[in-house]
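K.L.:
Listed here are the chains, written in short residue letters.
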Amino acid sequence: MKYPRHLHKKAWEWRAELAAKKITAKEIAGEYIARAKADKTNSFLSLMENDAEAAAAAVDQGKFQHRLAGIPVGIKDNLVTKGVRTTCASKILSNYHPPYNATVVNKLHGAGTVPVGKCNMDEFAMGSSNENSAYGPVHLPQDPARVPGGSSGGSAASVAGNLAVMALGSDTGGSVRQPASFCGLVGLKPTYGRVSRYGLVAFASSLDQVGTLTLDAQDGADLLETIAGFDAWDSTSLEREVPRYSLAVEKVRTDAAHRAGFLKQLRVGVPAEFFAEGLDPTVRKAVEGSIEALKGAGAKIVPVSLPHSKYALAVYYVVAVSEASANLARFDGVRFGPRVMPNGAQTTLEEMYEATRGELFGKEVKRRILLGTFALSSGYYDAYYKRACQVRNLISQDFAKNFREVDVILGPTTPTVSFERGAKTNDPLAMYLSDIYTVPINLAGVPAVSMPWGTGEKGLPVGLQLIGAPWSDGKLLETVAALEALYDEGKGA
Amino acid sequence: MSKDVNPEVTRKIAHLARLKLTDSEIEQYTQELSKILDFVAQLSEVNTANVEPVIHGVPLDPHFREDEAILLFEEDTKRIVACSEQSLYDQYKVPQVIGGE
Chain E
5 MKYPRHLHKK AWEWRAELAA KKITAKEIAG EYIARAKADK TNSFLSLMEN
55 DAEAAAAAVD QGKFQHRLAG IPVGIKDNLV TKGVRTTCAS KILSNYHPPY
105 NATVVNKLHG AGTVPVGKCN MDEFAMGSSN ENSAYGPVHL PQDPARVPGG
155 SSGGSAASVA GNLAVMALGS DTGGSVRQPA SFCGLVGLKP TYGRVSRYGL
205 VAFASSLDQV GTLTLDAQDG ADLLETIAGF DAWDSTSLER EVPRYSLAVE
255 KVRTDAAHRA GFLKQLRVGV PAEFFAEGLD PTVRKAVEGS IEALKGAGAK
305 IVPVSLPHSK YALAVYYVVA VSEASANLAR FDGVRFGPRV MPNGAQTTLE
355 EMYEATRGEL FGKEVKRRIL LGTFALSSGY YDAYYKRACQ VRNLISQDFA
405 KNFREVDVIL GPTTPTVSFE RGAKTNDPLA MYLSDIYTVP INLAGVPAVS
455 MPWGTGEKGL PVGLQLIGAP WSDGKLLETV AALEALYDEG KGA
Chain W
70 MSKDVNPEVT RKIAHLARLK LTDSEIEQYT QELSKILDFV AQLSEVNTAN
120 VEPVIHGVPL DPHFREDEAI LLFEEDTKRI VACSEQSLYD QYKVPQVIGG
170 E
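First to last, the sequence lines map onto chains E and W. Add 4 to the 1-based position in the first sequence for this note's numbering, that's all there is to it. Add 69 to the 1-based position in the second sequence for this note's numbering, that's all there is to it.
Below, simulated DSS-like cross-link-like pairs (lysine-lysine); rule was C-alpha separation at most 30 Å, straight line:
1) E/LYS462 x E/LYS13
2) W/LYS162 x E/LYS95
3) E/LYS255 x E/LYS25
4) E/LYS428 x W/LYS72
5) W/LYS81 x E/LYS428
6) W/LYS162 x E/LYS367
7) W/LYS104 x E/LYS428
8) E/LYS390 x W/LYS72
9) E/LYS390 x E/LYS314
10) W/LYS162 x E/LYS86
11) W/LYS89 x E/LYS95
12) E/LYS26 x E/LYS67
13) W/LYS72 x E/LYS367
14) W/LYS81 x E/LYS95
Simulated restraints, written as ranges between beta carbons of each label pair:
15) W/ASP92 x E/GLY463: 45 to 51 Å
16) E/GLY463 x W/THR146: 53 to 59 Å
17) E/PRO247 x W/GLU137: 29 to 35 Å
18) E/GLU281 x W/VAL166: 52 to 58 Å
19) W/LYS147 x E/ARG334: 16 to 22 Å
These stretches of chain E come out as covered by chain W in the derived footprint (C-beta under 8 Å, 3 or more residues):
20) 101-110
21) 310-318
22) 336-342
23) 351-361
Everything labelled a hint here was simulated from the structure, so no lab data went into it. Even glycine gets a Cβ: it sits at the ideal position worked out from N, Cα and C.
Produce the entire structure from the sequences given, and follow the hints as far as they go.
P.N.:
See the structure below:
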């Protein structure tokens, strides 16, 4: 695998074929479902063949005019789907068939997209390699011995493996961007509040955001436009108009003069902190190549500083686990999932809670619940949780200051390319370090996107991360589209 | 190693979190939590005097719905309760809570 970008057919390419009546939605759905059924990467936990056939039939009957009508999509298994098993890759939800749809799932249905299935993930979105799934790891499509990243590993692998054209994931500390980087995709974590979290099974509510995994910027813009917007059922969703991301990106993609002007006006911040110790030299080289390409196109490159970002991982492992320990309290065997009754009919309520949670949560989930319970417990709250929330403020301020001077901040998405399965499973801290460049973004609530740029070790894809000011999601995708064009013109690594 | 965690503390927080752990799990988690807390300890280097703690990265203007009861049809109730492994009369059934005879 030398070429980092996939050549699978994108949504906008399928759209043209559907419009020209060269193929039907049913035929497209059939292709993807057949491949998903034969999948060897373990990308899906449940297939949605019946829903897919029904959606495709409705599209062929002309019931949908949306740009994504007839496009096969994957849905991360922490987004609830009415009547379709939703496990969060946990044994504690092994038999959960939700009575409702997540808002984003309703929006996908409303657009006439074709659901291929529910994507494998790290249990409750906790992990960076997809090795924490109770239903087995996901394999990197390019090399089955390696990880696709996590936690949205199945979402990313399904798109990279051409089992879905695009997929939804969720990103709490890098869970969309890091797998996008490993699999060679465009992965966007939108501004906090841009996309409804209603029906996204909560991990860390102040950080979680539904994100997109696509083959390019155009598909990312179309998918974001489809799922974004205010939702009365999510109290942190923000009331702001959804711009036509798709048209803005289309203009950058198709109009060379417009693109040249866009790049000349672009101010790109490069933070020294993201190029420090721990960054693989091949990744560094690829990312530096993108800076040269931007410089060559007339963009202004500005050195910037994010002095508190080095504390982001420490803040994250207090804030995220604290919120998780509260959010996961609802899984107790009463309302969802199987129950564990160690003493049969004599089991007390308390014993049922403890045994159900102790046996059915995986290792990493228990580790984080313990850590969060500790950080919030009496006597430690000020030293850990409160202090982390103060440093979080400083991290946010670093970003805010820089976005007065630059439009985007550029750096690597992850310190390395995809690693081999088992390489980090015995050392939680080493695994956590995989998210060192992605967690500051969630803490600050700003949007960021990972896009493929060049290759690193073993020819595996390198991810370039572009970070923007709040609500600049569109600008980020336009920048990705401009960089894609530069790459295709041979200005790459 | 962080002085804040030892097997007794781990046992206590496991109980607070309602997680039944084996002795070997207690042992392992104690070591792992110590390492992670050592890593987190770097936060004490940061001067946080006069820094407001924040619970969100971007300023939010949370909106709230009116607290209105909505009509639920019997089949909705059934669908919700059906997610539980044990129910009775459309209610969740749990082991006895109030003391027996």
